[in-house]
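J.: Take a look at the letters that make up each chain.
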Amino acid sequence: MKNGTKKTFSAGLGQLTIPIIAICLLVIFNLIRDPGFFSIGIMHNNDGNIVLAGNLISIINGASELAVLAIGMTLVTAACGGQDISVGAAAAIAGSVFVKVLKSVPSISGGTVLLAFLSACVVAMLFGCFNGTLVAVFHIQPMIATLILYTCGRSIAYWINGGATPTVDSPILSGIGSFIPGIPIPTPVLIVIALALLFKLLFHFTSLELLTQSVGINGSAARLNGINATFIRLLSFILLGVCVSVAGTIGVSRLGLINHETLLLDVEMDAILAVAIGGNNLGGGKFKIGGSIIGAYVIQMLTITLYAMKVSSTDVKAYKAIVIILLVVIGSPVVKARFEKWVAQFRTPKLKASTKGAE
Amino acid sequence: MQENCLLQMRHIDKRFPGVLALSNVDFTLRKGEIHALMGENGAGKSTLIKILTGVYQMDGGEITVDGEKVVIRSPQDAQNHGISTVYQEITLCPNLTVAENMFIGRDDSLWVKHKDREKRADEILGKLGIPARSTQQLGSCSLAVQQMVAIARAVDMQCKVLILDEPTSSLDDKEVNMLFDLMRDLKKQEVGIIFVTHFLEQVYEVSDRITVLRNGELVGEYLTEDLPQVELVAKMIGKELDELSSLSEFEEKKTENKEVFYEASSLSSSETVPFDFSIHKGEVNGFTGLLGSGRSESVRAIFGADKVTGGAVKIKGEPVKITKPIDAMRHGIGYLAEDRKRDGIIAELSVRENIILALQVMNGFFKPISRSESEAFADEYIKVLNIKTASRETPVGSLSGGNQQKVILARWLLTHPDYLILDEPTRGIDVGTKLEIQKLVLKLAEDGVSVTFISSEVEEMLRTCSRLIVMRDRHIVGELKGQDLNQAQVMKTIAGGEA
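Line by line, the protein sequences are chains G and R. Residue numbers for the first sequence, in my numbering: 1 to 359. Residue numbers for the second sequence, in my numbering: 1001 to 1499.
Some clues are possibly wrong.
Claimed, not checked - Here are the simulated lysine-lysine pairs, DSS-like style, with alpha carbons at most 30 Å apart:
id: 1; chain 1: R; residue 1: Lys1119; chain 2: R; residue 2: Lys1281
id: 2; chain 1: R; residue 1: Lys1314; chain 2: R; residue 2: Lys1481
id: 3; chain 1: G; residue 1: Lys341; chain 2: R; residue 2: Lys1113
id: 4; chain 1: R; residue 1: Lys1324; chain 2: R; residue 2: Lys1314
id: 5; chain 1: G; residue 1: Lys317; chain 2: G; residue 2: Lys336
id: 6; chain 1: R; residue 1: Lys1324; chain 2: R; residue 2: Lys1258
id: 7; chain 1: G; residue 1: Lys286; chain 2: R; residue 2: Lys1187
id: 8; chain 1: R; residue 1: Lys1341; chain 2: G; residue 2: Lys288
id: 9; chain 1: R; residue 1: Lys1316; chain 2: R; residue 2: Lys1258
id: 10; chain 1: R; residue 1: Lys1258; chain 2: R; residue 2: Lys1050
id: 11; chain 1: R; residue 1: Lys1481; chain 2: R; residue 2: Lys1434
id: 12; chain 1: R; residue 1: Lys1367; chain 2: G; residue 2: Lys200
id: 13; chain 1: R; residue 1: Lys1388; chain 2: G; residue 2: Lys286
id: 14; chain 1: R; residue 1: Lys1341; chain 2: G; residue 2: Lys336
id: 15; chain 1: R; residue 1: Lys1050; chain 2: R; residue 2: Lys1069
id: 16; chain 1: R; residue 1: Lys1341; chain 2: G; residue 2: Lys286
id: 17; chain 1: R; residue 1: Lys1281; chain 2: R; residue 2: Lys1050
id: 18; chain 1: R; residue 1: Lys1119; chain 2: R; residue 2: Lys1174
id: 19; chain 1: R; residue 1: Lys1316; chain 2: R; residue 2: Lys1388
id: 20; chain 1: G; residue 1: Lys288; chain 2: R; residue 2: Lys1367
id: 21; chain 1: R; residue 1: Lys1388; chain 2: G; residue 2: Lys288
id: 22; chain 1: G; residue 1: Lys286; chain 2: R; residue 2: Lys1281
id: 23; chain 1: R; residue 1: Lys1383; chain 2: G; residue 2: Lys286
id: 24; chain 1: R; residue 1: Lys1367; chain 2: R; residue 2: Lys1341
id: 25; chain 1: R; residue 1: Lys1050; chain 2: R; residue 2: Lys1341
id: 26; chain 1: R; residue 1: Lys1050; chain 2: R; residue 2: Lys1031
id: 27; chain 1: G; residue 1: Lys336; chain 2: R; residue 2: Lys1388
id: 28; chain 1: G; residue 1: Lys341; chain 2: R; residue 2: Lys1341
Said to hold, decoys possible - With the C-beta cut set under 10 Å, the calculated list includes, among others, these residues of chain R facing chain G:
id: 29; residue: Glu1348
id: 30; residue: Leu1349
id: 31; residue: Met1362
To be clear, the hints were calculated from the coordinates, so they are not data collected in a lab. Idealized CB from N, CA, C, for every residue including glycine.
Next up, chain R with everything else stripped away, as it sits in the complex (with noise of 0.2 Å):
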């Protein structure tokens, strides 16, 4: 087993400013397998590959290639012992041929024979069965045949070493099993595959093995064969399974059956498959799973924030059309999108105008709110939500990240919501102003508002939801309520029901 053994991380260790990214990791891989990395957000795959890629550099540990120990302190270095990466975003040139992409950068000479060029490019496409041809536009492939360009590009370069980071995020299903064949073929060719994803199911169709990484150390290498589904979301985030069932006590919580206030029934949007949704009044649910499992998709389509392509929505009983963002603020709703930075504050305004812009939009273009009206508003919500700011007209950009929340919680306070919809409201911001958060949703449900709470951290919505929504691979697989509202039993119905 040794002799297989391509390619060894020992005790590797990462320190960032402040933090210890990798602590003691160790990662082997060997000839011929699909190597499954996998761990939350912020678990430290991302470090892992990049250190073996050359993009940072170790504090402590060593790299062996066949062998042989090896330092690797540049991506050029990385290629030359063999390690060649194929990122979730297609690295290549759309706007150059196939062989052009493929040998792009690794012609000595200054004369190119393209006929030699595209010969040899048809070949390798030949043998490894990718649909395209060598003089085509790259940009013209589908993306799923612009990835595996960019796997027989590292392919002909002798790899023995592939990295496969998140490469099927951006795929369909059809597509997605085009690349698992040219992996398997790849593996046959005795070529040592790491696969990062976090589509557990693709998981468990191709890779042999599976590291298991949290918080920057190893959990533990396992055959895929040996580790149920459920068990691997345990090992993700951290909690063995029958401790699990023991801590959770039952907690019973009001699920008091007052009047629907929304209701969606087979709503879909350009990211999303059709699904079917209600809320009653002053409810609070969520919406769990993994990363990538279309929770936010689901949100953002009630909102009408992505592009609505059908379903009908009634609110309080009565149709309604939400097709944009201010349909859906007609209608009493409000959204905190995940994406602070991107789709949240306008950095460089005051907190004041920050809280006033969602009322100020709704009052419409011909009411301004007067200066006098939005510093009192201003005033009010920074001392009920204890915003801590220099001042009001402090640009919001300069706040810290759990400041910035409130004030754009504060922003949909001020438009007194029927609903609101809170997508990763506690991501990245202490633990002081999480509870304050999960508390204010706790309130305003008893004050009548629905609220639909998205967090990835289980126990934040065991504490506040009294409905979870299950997702995973963009469909809705589970609805628990009542006594099934236990972290064993959404792990379950995270990684699929059979276990």
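Next comes chain G alone, as it looks inside the complex (with noise of 0.2 Å):
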């Protein structure tokens, strides 16, 4: 039985190694240019605050919307074994209904801006819900169904706030979008922790994992077995509508404004690769939202040091695009069933002695 749970936790390793040795790397490599380059520094900000501050935190703050958008698109990658590729539209509008609301309130309270989360937060459902109609109810492909939403969503987002592209300022949205006053981490990064936390309860309290997987796996012997695959795949879309509207609010916040032709441009592309990059299977199955989380910080890792190494912003896309096809390579099934036997050769012996032990 030792023998067992040992193999589990390798097995459970497998799917995190990529996106931690990508992790490591980057940190080392960063470490050979500049040595100060992680060092963290205690200043004031504007508004006075004692807060934490250096490359380390503005990677793990940058890259919060993009995890909080990996882990709805995990699952919906993994129940639906194809991806929403409309996500950044889905958060400019629902940054709109949250700016929308704030704007129709007299005064911004903790209540308002709460209704104005809640306001975004059910419009993004809403939406998450169409999609998985589309997707889970008339069978359209994941990205098929998603474009309809990716093309129009922004121009939805523009009728909201009737085409403008209104401020809203309040000590609130500056606590969301970047610090609450006494707490040194930057809030986003707070969020993200909640989040990931909020899903690890939903899986241990619900059988949502293990009926995710098995109909992203096998539907067919699911529905067998009595699981109603379509709201699973229903479900995952309107998890992703909530993940969607924590982004938008975290992307409203931190500018003080909506910005529907700008906020999260883009994000989708790198919502996907974050939940490649951590070990996800892209074709559904099974899946782990801690490596997908990671996927983000890699990303955002990747983006600080080419900004940091003077690397224009044009430039930008085509080195991460080199480093990313040698990660996407690297945890190919090919690559990795080459990589097995190798490592095999040097275990076989131990390996045999082992089995034997065990007859």
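Two chains, two frames, a set of hints: combine them into the complex.
T.: Structure below.
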């Protein structure tokens, strides 16, 4: 039995190996390049709070929206075997609703912000329902189904605030977007931690994880075991909707305004990439939310590293692409199989001994 | 008679790694005859066909077409020798027109005269009496017509030998008759047709001759009129009839008349005709019949696996509604599906997760089985059923077939069902495990669980079941119990009672 538990552990590590190695390599690379790259300083920000600052903080902080979206994207990928490419547009809608509600109340208070967030959340869940219905009920490929909202989402966001890009200013919003007075850690980072914990609890108190994986791996068998696959797939899109509204709210709060054209532009591709780097199968099935979150940080760390190397913002995308090609190829089943074969060559004598022992 | 000979296959051998798929098989096809190729699954029918069509290369033997020795290395070679195949699944392009489908890949020039092509297509369609227009999209035709277009295409390629591989399995009665008319037409034009099917009655309707294979060996070639259906079944299964009757020592099995657990009247699904069925508490019954006779579809209807279209169901005398699997599960019914890979295992999930799946679904979304509980369940059933796995966390897909089957059995046993439906639980697994599963079935029945047991191996069912429901061509044609439970009687009923 001891042998068995050990095996599980190594199998669990297997999925996270690539993203963890990627992060380590990036850290080492940066430390060699500039030993002070990861130094964390304490400083006073504009509001006079004591806060943490430094490249590491800005990486973790900057990746928050991406990490939030990657959580939801992982679920949709696992259950449906496809990706939602409308998350950026949907976040723009959620952000617009958030601002619209704040603009329509006389004064911004904690209660109204909560109300605004809940409204954004409901709207994002409704759009998730729309995408989910196309995928789960009508069996349209996720990427095609979500292409609709991808195309028209930012127009809808434009209508919500009558074409304007209104600003909202409130200490509560800056509390969400940057720092809460007295807490030196950026709030978006705390939100990611809270959301990740929330999903952890969801998996603990419901059978969602098992059901989602079953539906994603073998829908036909899942159905014959009484699982309502349609519901599970729809639910994954609705949960992604929740993530979308959280990401939209963070984005709006950071800037203090809603720009429906630029809010979280192109984030969907990074979110899908985060899921892939996290070692999750984009064809659905087994998943690890943690992998996707690490994947999001890998992407952000890569971007910041390149900026720190004074690569111009136009060139960054090309360099990013090179690294990502490497990561994806290394994580591919072909390379993995080769690698495992190679490792097995060294392990064979040991393995034989252990199976003999088991018998 | 030799002159009449169109195709001869002599002493054909074919080896696959570890198996002799065909051993010294002869097959002769004459001009203008419909020749049925019969045998159970794995008898070597499709291997023989694939050698003839160039998909496989034979390891020994020779093939002659029109008296000339030929070598067939590829499907293209086969076509050049006038051998065409129409497969069970339509292999044409539904989004092209009928004419385009008939000529695709056969025109030499890039410049196609559509009008000529359509005229030619209409001519052929007319000659063969196929109800389709050349300009019609193929996808808009019925399946039967699509199949006929495929045949027309083959015929127009000057085919001498036409192979029809299970052409009728997705057609209804009327369409089957249309196809048979076309086959008889082609026969007049001296085409030799090899007809592979598992519908016995269709064999007797159209074929002139029957060749039977069993376990990769030739059993014999017979004139259809000389071979009664019962004998055909006996030859396919491999037991001579008299031999069987003497073998079958009648064994008294207890058929206690306990309370009825499940009762369905005129139950039907999208895949079945309405049927009546009931099972007692602690009874083991079986559905038997050849493949495609509707036995799996019937039990799927009971479990709600296919869309249920009508009928009344009572459980313990109470009327209930079962339209989807979860309904059946809530009423204490478990179902082990025929296709383990497609409908059973969740390959990448662990043995543990696979075992608890059905119970978890029944417990509901908000009552997850805790890790420690699920580990205890998994360990218990790994021990009880003697599942050979490296650990409970091993992905179930990496286990052997027999152990995968045990995992699925464990999954249903864990739900403590009152009625367990096992569709081909012993297919493709080793003899030892087969016996274990049979024993388990009998033990469950002793404990008061009703079991429906389906197997392609009649002996296995005779050993376990106290009542057999016999199906042929989607209808229940008989119910055997007590003294009638012997192989000869089963085969007689499968073949049709007239013999």
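J.: Look at each hint and say if it fits the structure.
T.: Structure-based check of each hint:
{"no.": "1", "hint": "Lys1119(R) to Lys1281(R)", "in the structure": "violated, 66 Å"}
{"no.": "2", "hint": "Lys1314(R) to Lys1481(R)", "in the structure": "holds, 23 Å"}
{"no.": "3", "hint": "Lys341(G) to Lys1113(R)", "in the structure": "violated, 57 Å"}
{"no.": "4", "hint": "Lys1324(R) to Lys1314(R)", "in the structure": "holds, 15 Å"}
{"no.": "5", "hint": "Lys317(G) to Lys336(G)", "in the structure": "holds, 27 Å"}
{"no.": "6", "hint": "Lys1324(R) to Lys1258(R)", "in the structure": "holds, 28 Å"}
{"no.": "7", "hint": "Lys286(G) to Lys1187(R)", "in the structure": "violated, 55 Å"}
{"no.": "8", "hint": "Lys1341(R) to Lys288(G)", "in the structure": "holds, 24 Å"}
{"no.": "9", "hint": "Lys1316(R) to Lys1258(R)", "in the structure": "holds, 11 Å"}
{"no.": "10", "hint": "Lys1258(R) to Lys1050(R)", "in the structure": "violated, 52 Å"}
{"no.": "11", "hint": "Lys1481(R) to Lys1434(R)", "in the structure": "holds, 23 Å"}
{"no.": "12", "hint": "Lys1367(R) to Lys200(G)", "in the structure": "holds, 15 Å"}
{"no.": "13", "hint": "Lys1388(R) to Lys286(G)", "in the structure": "holds, 23 Å"}
{"no.": "14", "hint": "Lys1341(R) to Lys336(G)", "in the structure": "holds, 24 Å"}
{"no.": "15", "hint": "Lys1050(R) to Lys1069(R)", "in the structure": "holds, 18 Å"}
{"no.": "16", "hint": "Lys1341(R) to Lys286(G)", "in the structure": "holds, 17 Å"}
{"no.": "17", "hint": "Lys1281(R) to Lys1050(R)", "in the structure": "violated, 47 Å"}
{"no.": "18", "hint": "Lys1119(R) to Lys1174(R)", "in the structure": "holds, 28 Å"}
{"no.": "19", "hint": "Lys1316(R) to Lys1388(R)", "in the structure": "violated, 37 Å"}
{"no.": "20", "hint": "Lys288(G) to Lys1367(R)", "in the structure": "holds, 21 Å"}
{"no.": "21", "hint": "Lys1388(R) to Lys288(G)", "in the structure": "holds, 28 Å"}
{"no.": "22", "hint": "Lys286(G) to Lys1281(R)", "in the structure": "violated, 40 Å"}
{"no.": "23", "hint": "Lys1383(R) to Lys286(G)", "in the structure": "holds, 27 Å"}
{"no.": "24", "hint": "Lys1367(R) to Lys1341(R)", "in the structure": "holds, 28 Å"}
{"no.": "25", "hint": "Lys1050(R) to Lys1341(R)", "in the structure": "holds, 25 Å"}
{"no.": "26", "hint": "Lys1050(R) to Lys1031(R)", "in the structure": "holds, 21 Å"}
{"no.": "27", "hint": "Lys336(G) to Lys1388(R)", "in the structure": "holds, 27 Å"}
{"no.": "28", "hint": "Lys341(G) to Lys1341(R)", "in the structure": "holds, 26 Å"}
{"no.": "29", "hint": "Glu1348", "in the structure": "holds, 5 Å"}
{"no.": "30", "hint": "Leu1349", "in the structure": "holds, 6 Å"}
{"no.": "31", "hint": "Met1362", "in the structure": "holds, 7 Å"}
Checked against the numbered hints given earlier, this structure breaks hints 1, 3, 7, 10, 17, 19 and 22; the rest are met.
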